[in-house]
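In order, the protein sequences belong to chains A, B and C.
The first sequence maps to residues 5 to 296 in our numbering.
The second sequence maps to residues 5 to 296 in our numbering.
The third sequence maps to residues 5 to 296 in our numbering.
Just so you know, these hints were derived from the structure itself, not from any lab.
One or more of the hints may lead you astray.
Any copy, or any two copies together, can satisfy a pair, since identical chains are not distinguished.
The list that follows gives simulated cross-link-like pairs (lysine-lysine, BS3-like), each with its CA atoms no further than 27 Å apart [what the hints assert, rightly or not]:
(1) Lys88 - Lys295
(2) Lys266 - Lys256
(3) Lys233 - Lys266
(4) Lys49 - Lys64
(5) Lys279 - Lys88
(6) Lys83 - Lys295
(7) Lys90 - Lys284
(8) Lys284 - Lys295
(9) Lys115 - Lys234
(10) Lys83 - Lys233
(11) Lys266 - Lys279
(12) Lys233 - Lys294
(13) Lys279 - Lys90
(14) Lys115 - Lys266
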Amino acid sequence: YTVEFVKSTSSMALVSLRRCLGAVLKNGAAMVQTRSYSAASGYLKVTTENDIATIAMDKKPVNSLNLEFLTELSLTLEKLENEKCKGLILTSALPKIFSAGLDILEMYQPKEERLRQFWSTLQDVWLRLYGSPLVTIAAISGHSPAGGCLLSLSCDYRIMADNYTIGLNETKLGIVAPFWFVDTMHNVVGHRQTEMALQLGTMFSSQEALSIGLVDRVVGEGETVDAAKKEMSQWVKIPGYARQLSKMQLRKPTIDKLVARKEDDINYFATFITKDGVQKAMGMYLESLKKK
Amino acid sequence: YTVEFVKSTSSMALVSLRRCLGAVLKNGAAMVQTRSYSAASGYLKVTTENDIATIAMDKKPVNSLNLEFLTELSLTLEKLENEKCKGLILTSALPKIFSAGLDILEMYQPKEERLRQFWSTLQDVWLRLYGSPLVTIAAISGHSPAGGCLLSLSCDYRIMADNYTIGLNETKLGIVAPFWFVDTMHNVVGHRQTEMALQLGTMFSSQEALSIGLVDRVVGEGETVDAAKKEMSQWVKIPGYARQLSKMQLRKPTIDKLVARKEDDINYFATFITKDGVQKAMGMYLESLKKK
Amino acid sequence: YTVEFVKSTSSMALVSLRRCLGAVLKNGAAMVQTRSYSAASGYLKVTTENDIATIAMDKKPVNSLNLEFLTELSLTLEKLENEKCKGLILTSALPKIFSAGLDILEMYQPKEERLRQFWSTLQDVWLRLYGSPLVTIAAISGHSPAGGCLLSLSCDYRIMADNYTIGLNETKLGIVAPFWFVDTMHNVVGHRQTEMALQLGTMFSSQEALSIGLVDRVVGEGETVDAAKKEMSQWVKIPGYARQLSKMQLRKPTIDKLVARKEDDINYFATFITKDGVQKAMGMYLESLKKK
Numbered sequence: 005y006t007v008e009f010v011k012s013t014s015s016m017a018l019v020s021l022r023r024c025l026g027a028v029l030k031n032g033a034a035m036v037q038t039r040s041y042s043a044a045s046g047y048l049k050v051t052t053e054n055d056i057a058t059i060a061m062d063k064k065p066v067n068s069l070n071l072e073f074l075t076e077l078s079l080t081l082e083k084l085e086n087e088k089c090k091g092l093i094l095t096s097a098l099p100k101i102f103s104a105g106l107d108i109l110e111m112y113q114p115k116e117e118r119l120r121q122f123w124s125t126l127q128d129v130w131l132r133l134y135g136s137p138l139v140t141i142a143a144i145s146g147h148s149p150a151g152g153c154l155l156s157l158s159c160d161y162r163i164m165a166d167n168y169t170i171g172l173n174e175t176k177l178g179i180v181a182p183f184w185f186v187d188t189m190h191n192v193v194g195h196r197q198t199e200m201a202l203q204l205g206t207m208f209s210s211q212e213a214l215s216i217g218l219v220d221r222v223v224g225e226g227e228t229v230d231a232a233k234k235e236m237s238q239w240v241k242i243p244g245y246a247r248q249l250s251k252m253q254l255r256k257p258t259i260d261k262l263v264a265r266k267e268d269d270i271n272y273f274a275t276f277i278t279k280d281g282v283q284k285a286m287g288m289y290l291e292s293l294k295k296k
Numbered sequence: 005y006t007v008e009f010v011k012s013t014s015s016m017a018l019v020s021l022r023r024c025l026g027a028v029l030k031n032g033a034a035m036v037q038t039r040s041y042s043a044a045s046g047y048l049k050v051t052t053e054n055d056i057a058t059i060a061m062d063k064k065p066v067n068s069l070n071l072e073f074l075t076e077l078s079l080t081l082e083k084l085e086n087e088k089c090k091g092l093i094l095t096s097a098l099p100k101i102f103s104a105g106l107d108i109l110e111m112y113q114p115k116e117e118r119l120r121q122f123w124s125t126l127q128d129v130w131l132r133l134y135g136s137p138l139v140t141i142a143a144i145s146g147h148s149p150a151g152g153c154l155l156s157l158s159c160d161y162r163i164m165a166d167n168y169t170i171g172l173n174e175t176k177l178g179i180v181a182p183f184w185f186v187d188t189m190h191n192v193v194g195h196r197q198t199e200m201a202l203q204l205g206t207m208f209s210s211q212e213a214l215s216i217g218l219v220d221r222v223v224g225e226g227e228t229v230d231a232a233k234k235e236m237s238q239w240v241k242i243p244g245y246a247r248q249l250s251k252m253q254l255r256k257p258t259i260d261k262l263v264a265r266k267e268d269d270i271n272y273f274a275t276f277i278t279k280d281g282v283q284k285a286m287g288m289y290l291e292s293l294k295k296k
Numbered sequence: 005y006t007v008e009f010v011k012s013t014s015s016m017a018l019v020s021l022r023r024c025l026g027a028v029l030k031n032g033a034a035m036v037q038t039r040s041y042s043a044a045s046g047y048l049k050v051t052t053e054n055d056i057a058t059i060a061m062d063k064k065p066v067n068s069l070n071l072e073f074l075t076e077l078s079l080t081l082e083k084l085e086n087e088k089c090k091g092l093i094l095t096s097a098l099p100k101i102f103s104a105g106l107d108i109l110e111m112y113q114p115k116e117e118r119l120r121q122f123w124s125t126l127q128d129v130w131l132r133l134y135g136s137p138l139v140t141i142a143a144i145s146g147h148s149p150a151g152g153c154l155l156s157l158s159c160d161y162r163i164m165a166d167n168y169t170i171g172l173n174e175t176k177l178g179i180v181a182p183f184w185f186v187d188t189m190h191n192v193v194g195h196r197q198t199e200m201a202l203q204l205g206t207m208f209s210s211q212e213a214l215s216i217g218l219v220d221r222v223v224g225e226g227e228t229v230d231a232a233k234k235e236m237s238q239w240v241k242i243p244g245y246a247r248q249l250s251k252m253q254l255r256k257p258t259i260d261k262l263v264a265r266k267e268d269d270i271n272y273f274a275t276f277i278t279k280d281g282v283q284k285a286m287g288m289y290l291e292s293l294k295k296k
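Construct the entire structure; sequences and hints are all you get.
Take a look at the structure:
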């Protein structure tokens, strides 16, 4: 069923990943073999050990973020908070990809109510992750464009596998990252790097990302989660309440900005994405995917 | 005609350039020979090729920014926007100098109306250049102090020839860079570097400028424009509308700040510059120039 | 007299310095021999030479900041301003320590009036130092945690002796640096480094501090003051009025923020520090010191 195939593979940032992911998309079987995780009912595989939770995103083939995925992620983050977990490692259960970002099918010929819920849930995920009382470490085990990059940037620390790419590449697809994506990157790499990266829609290699501070450490293939656990052990030693208050001193102004403009941001997104030109461009892109 | 000579050579930032420019100023003939451009009626030589415009500043001897120059630059920037040009390369037609900055004669014993128009036009140039929908690349082919540095910093990308100097050196002349000069530098090199550079009035060598991110690339003498064209070809591939919106997300707050304070800023400048002490200092400086 | 001993050695940030300072604290005699300064009536030794003042902090054993020390520092800073001094070098007269930060005894079982005066005086010291019209250079001759780090960061330039440590390590002690500590660090090393350093309470080695821009230069043991004098000679050449105005353009927003919230900040501190949990933790810490 072609539409279903498109539905499962399309993703806002996929276009820029085509070359990198060629092997993955062409060979689903190989992909499944490489995965060491067993099939899960939901999109997230959550394991907890000594108050440290690991969320492995597991929505084939590229962890594209649709409404159901975001809802599950938001609820899981809330649950971990309530369970007084101390740390969270966010990673992917799929090979070569962390997350390909927002699911383009949520934005193509959308129904208004679902579209608004989709965006609102994305906001909720960010608010919860960026302001999380837990120590949050992204184990970026594969490519991480657009929304995948946002998830990474919202954590407290980023460890990336070598030879992948990461960045807010929305501009290259003809769309614009929302202001809170921009703010989140700004808080990590500063004004100049953000301005240039956003204008060009730059996808950085792991090493380039390290050199501008977009990630904090680069490790070998398959080593991100172990490295994250080791790093986590240092962070959870710090008195939690003081650490959380310190974190919020730095992040609260950025969080407050979205909270104050949540509705405006939804309206802006819904208006922008349903413009004729934007819809036509997405239609042509999806058409090109079907032909493959 | 001494006064005319002074008029043509004086410039706010010239003092710090005296040593570097010694050869240029002493030998006008050599300077003309080096220039490959023919005489132009205006102060700007504008050429356009494949939607990429090049503005070569051509006001001998040091591209000092007086009211007429700034008016021509403002109108040219407006015209290129209206012509739907995609890119702009800003460079100098003169050897060894990009621009020496504001013309000190606009500020010495000024008539109030012209003084206010001068400053207002400088604001307009900055607002138009910093917020330009075009991709803007500075090909910094020579020294670039004060106002010359501001023009460079307002572009999207900076390529500088080796062995020159660049910086906001106003402090060294006993004056103070206006807040929007400061904001523009802040957005490129951050708070700490801006604070130190502004306090000390630092002129950075090309290599130093590269190391703190004040320029993005350093190339050999005479290679800035070619390098700018090559860089430009990457930028104009990006979907223009999305790129412009992304740029404005980063720059609009800084632009809005001046727009809101335009009149206050003119009043402040007019009051500061006409103070007895400041006028006396400028008088003595001009006197010292005449004696040469 | 045990309590007096505790009083003289306790300091908010001391805990993290225990290993580094072991030798110092165990051997008061050795410490005195190393000091080349003679006994002073106050806590500060102030010398002035060619309009450059040097304040050597001299409150044994670790220059902990209590109300009397802060009052003397505030008055001294005011006096140097009134005397039209051009430059200030802030250093320590004690070996191996710049300042260990706020005196914990000011915060343990405090009388409300003194507690509020203590905090208000700390605010005054920072407002005066951060906004000082003088060129201010920190000659960081030893460890510089918490409040010691704040004093350093409030200067215009930082020269640190090798093989010591510096940082805002409040989080490690279970408390939280006030917002203006955070702002001051933010203005030096940017958002990302501040966020990480504050969350972890990181104490940076001299070389690490240099690599992230927390200090500007690292020199050998005993060379900080000479290096500061040499650096100072460059800064005082700059026209003073223009330099001061430039400095204030960068620092005034941060200063205005505390001025506007001075009372709120005192109330917040007084409420936070007198909480049962915080008091108990301090009590246990002081108890552990007495037993040594």
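Checklist line | Indices of hints not satisfied (ascending) | finding: Of the numbered hints given earlier, those the structure breaks are 1, 3, 6, 9 and 12, listed in rising order.
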